[in-house]
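> Take a look at the letters that make up each chain.
Protein chains: 2
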Amino acid sequence: MTITSSTVRSRTDLCTAIEDELSGLIGKRASAATTYGPDFARLWALAGQNVLGGKFVRPLLLMETYDALQQTHEDQQAHQAHHGNSSTETRQRETAISIAAAIELLHYAFLLHDDVIDGDLVRRRHPNLIGSLLAEAGENSRAGSGLHWAQTGGILMGDMLLAATHQSFARADLPHELRLRLLDLLEHTINETVAGEQLDVGLGDGVIAPDLQTILVMCGYKTATYTFELPLRAAATLAGADFAVENALATAGRHLGLAFQLQDDLLSTFGDPRRHGKDPFSDLREGKETAIIAHARTTIAWPDIEPFFGKPELSVGDGEHVRRYLTDCGAEAFVQGLIEEQLQAVNNQLTGTIPASVRNVMLDFAGQLEGRQS
Amino acid sequence: MTITSSTVRSRTDLCTAIEDELSGLIGKRASAATTYGPDFARLWALAGQNVLGGKFVRPLLLMETYDALQQTHEDQQAHQAHHGNSSTETRQRETAISIAAAIELLHYAFLLHDDVIDGDLVRRRHPNLIGSLLAEAGENSRAGSGLHWAQTGGILMGDMLLAATHQSFARADLPHELRLRLLDLLEHTINETVAGEQLDVGLGDGVIAPDLQTILVMCGYKTATYTFELPLRAAATLAGADFAVENALATAGRHLGLAFQLQDDLLSTFGDPRRHGKDPFSDLREGKETAIIAHARTTIAWPDIEPFFGKPELSVGDGEHVRRYLTDCGAEAFVQGLIEEQLQAVNNQLTGTIPASVRNVMLDFAGQLEGRQS
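Residue numbers (the numbering used here), protein chains in the order written: chain R, 1 to 374; chain X, 1 to 374.
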């Protein structure tokens, strides 16, 4: 007897399913929030707009990997003439979507607390939650207290999203053993992300020395763990994959995540601002400790760069000047080399234990990296 | 056949059991934290010192209520000649202790984020986690960035404690149904506490109008819910008490919590600073919107008080002057009356459905209120 394998879902269908799940999670809380008055309800309304306006990178990575693993599993079962139980499969997939959505809430919780810590009011050219609260508080608040009120909203909403993430993991419709594995994964992820955020802030505040090794560790902890390792490991756990597959995926994910972060740094400094949409010199003005800067520090060009680094009043002319120095001293090429190394490491993990369908998902995500401008 | 009822535990034994549980929870994480370097490990070490130096009010309330409910239950069973299963009872009590400890972590998570929001560096005359990080960063950090580094530590450590609280609830050794009820309770608690914190900040920042009703709602949400309602409801759920008992306890807890908060405000303004240890005029200097002030605003004395309210440079002489006005205009007596009403409402709840042993626990906590100086 042959089993028809489940349809490979298009990315649009997946986005819709993730969006529906997130709408449900947030909508339920947003309507309960009205009990506590308009200011509390406003937090949930703003968070809902921002979360639902996202690109769902992490949930998509989880679900596409999950579907690919299930596909492989079903193909094997069909080969062995086993019978799939489609109602169980549907339930399992719903659970996977609930975890994927929870990971998006975690992402947004991290973004919010990061925005509070960095004093940011804008994300992707729009006011973030804090910026919106500040604009709305303008007329009512005591002089100078609007920012305090708005940042308080950022801290508190981050707390509620962190709580909501845990609630979804804790309530997942799974055998308790599996739920505990996902809870372990969540705990590990939060520890690494917090450690990465602390390193990043320590580098910026001059508490921690900016050597290349520390910067690479920071990028891995702060971004790669929750953006790649978490969705990939969760997908493997939910699909019942072998531990060897889970580990290979996690390792590949960490390398891919580091490549993404390094690419981001390159784009911010050397990319075309008409395409990536950021201030091309903001990293230099802020004195952001990136791998580019860490390499430049080790070259004879550093004494010429240093006077301009971390200067809020950096002119466009000076910015272009520094950018040329960073290219000429080899820092740009050095970071391009690091990205190549990371992508090579991804490829190395994708041979062997990883099923072909899953490999394609990873290569697709890696491919987005190469064409990406922002 | 008569069953020997379980021993009524002394408060010292309970404190030791709670302390052991907290040491285990924090110690495990503190040692895992060393993987991420000394700065990350320092967060856990400082949090551990602060949490373990606490008075465990919330875990004690939970455990004393739990033990009293179990006692009642056992007495009834003995009467009906049923047999208790002591190994099950021991396991259940261990679970109760783990939830009690998790509630202490939640308390500390709230305190930390509250300290970040209020810019506080000191708690109970000692540097809080942020104050300690600031003192330690002093020599290394870039000029002016020590406070940023320290407050970042406060936000991040609060996040980790909030996560740890959820992990304990999610892993509780209980039937999934009961675990879900505790997770509901945790979600409700966090919503109310966050709503209360937001109201408090909104009152301080002048975004929300300071009428008496809003201030009383704020006190209930910000403090009474997680300090009294949460431990009492959790105890009832864990002990398998009737829903009527749980609700009566929760209502009594909210009234008791409000009484505590109002008493705190009275002590801060009118109490003997040699006994309560706080700056006697800090509430006035900060312009804290309390029930005392809300009442004073409604009297003809307000125009004489207002010029001094929220003045950071308030002198001792002026402070004493304002305090006399607050007494003479009836604000002190008004708040004393509110406290009486709340305590009366506690007593009303304690007649009827609540078992005698549990009533004694509540009366004991209410009694501490009356003799309390800080």
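Check before you lean on any hint, since a few could be wrong.
Pairwise CB distance ranges, derived in the manner of DEER restraints [claimed, not checked]: (1) Glu94/R - Ser87/X: 48 to 54 Å; (2) Asp304/X - His126/R: 35 to 41 Å; (3) Lys55/X - Thr298/R: 50 to 56 Å; (4) Leu147/X - Asp20/R: 42 to 48 Å; (5) Asp279/R - Ala333/X: 55 to 61 Å; (6) Gly53/R - Phe270/X: 49 to 55 Å; (7) Arg324/X - Asp279/R: 42 to 48 Å; (8) Lys55/R - Asp173/X: 56 to 62 Å; (9) Ala333/X - Ser282/R: 55 to 61 Å; (10) Ala209/X - Leu178/R: 47 to 53 Å; (11) Thr298/X - Pro175/R: 58 to 64 Å; (12) Val122/R - His321/X: 43 to 49 Å; (13) Thr90/X - Glu94/R: 23 to 29 Å.
What the hints contain is simulated information worked out from the structure, not anything from laboratory work.
All C-beta atoms, glycine included, are put in the ideal place defined by N, C-alpha and C.
> All hints are to be evaluated individually against the structure, with a verdict given for each.
Verification of the supplied hints:
1. Glu94/R - Ser87/X: 48 to 54 Å: Violated: the Cβ-Cβ distance is about 38 Å, outside 48 to 54 Å.
2. Asp304/X - His126/R: 35 to 41 Å: violated (48 Å)
3. Lys55/X - Thr298/R: 50 to 56 Å: The hinted range 50 to 56 Å holds for Lys55/X and Thr298/R, with Cβ atoms some 53 Å apart.
4. Leu147/X - Asp20/R: 42 to 48 Å: holds (43 Å)
5. Asp279/R - Ala333/X: 55 to 61 Å: holds (60 Å)
6. Gly53/R - Phe270/X: 49 to 55 Å: holds (51 Å)
7. Arg324/X - Asp279/R: 42 to 48 Å: Distance hint for Arg324/X, Asp279/R is violated at roughly 57 Å.
8. Lys55/R - Asp173/X: 56 to 62 Å: Violated - the Cβ-Cβ distance for Lys55/R and Asp173/X, about 40 Å, lies outside 56 to 62 Å.
9. Ala333/X - Ser282/R: 55 to 61 Å: At roughly 58 Å between Cβ atoms, Ser282/R and Ala333/X fall inside 55 to 61 Å, so the hint holds.
10. Ala209/X - Leu178/R: 47 to 53 Å: holds (50 Å)
11. Thr298/X - Pro175/R: 58 to 64 Å: For Pro175/R against Thr298/X, whose Cβ atoms are near 60 Å apart, the range 58 to 64 Å holds.
12. Val122/R - His321/X: 43 to 49 Å: holds (47 Å)
13. Thr90/X - Glu94/R: 23 to 29 Å: For Glu94/R against Thr90/X, whose Cβ atoms are near 38 Å apart, the range 23 to 29 Å is violated.
In summary, the structure is inconsistent with hints 1, 2, 7, 8 and 13 from the numbered list given earlier, while agreeing with the others.
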